[in-house]
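Each residue of the sequence shown is one higher than the one before, starting from 1 at the first, in the UniProt record's numbering.
Derived from the structure by calculation, the hints contain no laboratory data.
Every residue gets a Cβ at the ideal spot worked out from N, C-alpha and C, and that includes glycine.
Any given hint could turn out to be false.
[Said to hold, decoys possible] Quick list of the computed label-pair ranges, beta carbon to beta carbon: (1) A17 - A139: 51 to 57 Å; (2) V42 - A121: 43 to 49 Å; (3) L81 - A122: 35 to 41 Å.
[As the list claims (entries may be wrong)] Capping the alpha-carbon separation at 25 Å, the derived lysine to any residue pairs in SDA-like fashion look like this: (4) K51 - E113; (5) K38 - R72; (6) K22 - H47; (7) K51 - N112; (8) K30 - R9; (9) K38 - E71; (10) K119 - P92; (11) K110 - P92; (12) K38 - R53; (13) K38 - L81; (14) K22 - L94; (15) K51 - I6; (16) K83 - K119; (17) K83 - S64; (18) K38 - R9; (19) K83 - R15; (20) K83 - A123; (21) K38 - P8.
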Amino acid sequence: MPTLNITPRQRSALRAAAHALKPVVQIGDKGLTEAVIKEINVHLNAHQLIKIRIAGDDREFRLSTLTTICERLEAAPVHHLGKILTIYRRNPSLDPVLPDDLPRTRALRKPNEEYIPKKQAAADQGKPKKSARSSRPTAPARPARPNSTASRAARPRTGSALSLRAGARRTRAK
Numbered sequence: 001m002p003t004l005n006i007t008p009r010q011r012s013a014l015r016a017a018a019h020a021l022k023p024v025v026q027i028g029d030k031g032l033t034e035a036v037i038k039e040i041n042v043h044l045n046a047h048q049l050i051k052i053r054i055a056g057d058d059r060e061f062r063l064s065t066l067t068t069i070c071e072r073l074e075a076a077p078v079h080h081l082g083k084i085l086t087i088y089r090r091n092p093s094l095d096p097v098l099p100d101d102l103p104r105t106r107a108l109r110k111p112n113e114e115y116i117p118k119k120q121a122a123a124d125q126g127k128p129k130k131s132a133r134s135s136r137p138t139a140p141a142r143p144a145r146p147n148s149t150a151s152r153a154a155r156p157r158t159g160s161a162l163s164l165r166a167g168a169r170r171t172r173a174k
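Modelling step: build the complete structure from the supplied sequences, incorporating the hints.
Okay, here's the thing in structure tokens:
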């Protein structure tokens with residue numbers, strides 16, 4: 001039986017959806033038996049996207065087990081991280097885990113078009129015309145405030161109440 005093919009964008013969305021899932025099937029030292037295959041099939045029918053924990057330290061064994069499961073159950077391998085396998089099979093009777101139309105990641109704007117901020121684009125307001133900007137009356141600029149740092153520098157610095165109190169204690173202790 002052929003495996004289900006999914007696009008890299010779908011695989012990424014499925015990995016994100018499977019992030020919070022816990023493994024529902026464990027494959028022990030006996031390996032992939034008919035009972036384990038039936039259990040995986042039951043969980044795929046119920047959830048569509050599942051994680052499987054597999055025993056053993058041999059990476060090649062885990063990869064071959066993943067391909068065997070996907071071929072026998074017509075599922076798609078989503079992710080393989082350590083001893084956790086994630087697989088997906090669409091069930092038409094359930095709500096889709098994966099939306100049919102994934103959001104576009106590329107900008108819809110061509111390089112020669114003007115940039116319009118998101119809020120203006122959402123409100124269907126285009127970029128304001130340059131003539132509308134220049135027709136506004138402009139007020140003359142106010143003169144700068146005189147610099148007041150010179151008057152501050154002439155005054156002696158006084159300590160804070162805490163530093164005065166601490167100094168007073170030191171002088172009394174002597």
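Right, here's what the structure says about each hint:
no., hint, in the structure
1, A17 - A139: 51 to 57 Å, "56 Å, holds"
2, V42 - A121: 43 to 49 Å, "47 Å, holds"
3, L81 - A122: 35 to 41 Å, "38 Å, holds"
4, K51 - E113, "45 Å, violated"
5, K38 - R72, "11 Å, holds"
6, K22 - H47, "12 Å, holds"
7, K51 - N112, "46 Å, violated"
8, K30 - R9, "35 Å, violated"
9, K38 - E71, "14 Å, holds"
10, K119 - P92, "38 Å, violated"
11, K110 - P92, "38 Å, violated"
12, K38 - R53, "16 Å, holds"
13, K38 - L81, "23 Å, holds"
14, K22 - L94, "20 Å, holds"
15, K51 - I6, "17 Å, holds"
16, K83 - K119, "45 Å, violated"
17, K83 - S64, "13 Å, holds"
18, K38 - R9, "29 Å, violated"
19, K83 - R15, "16 Å, holds"
20, K83 - A123, "49 Å, violated"
21, K38 - P8, "28 Å, violated"
When each numbered hint is compared with the structure, violations occur for hints 4, 7, 8, 10, 11, 16, 18, 20 and 21.
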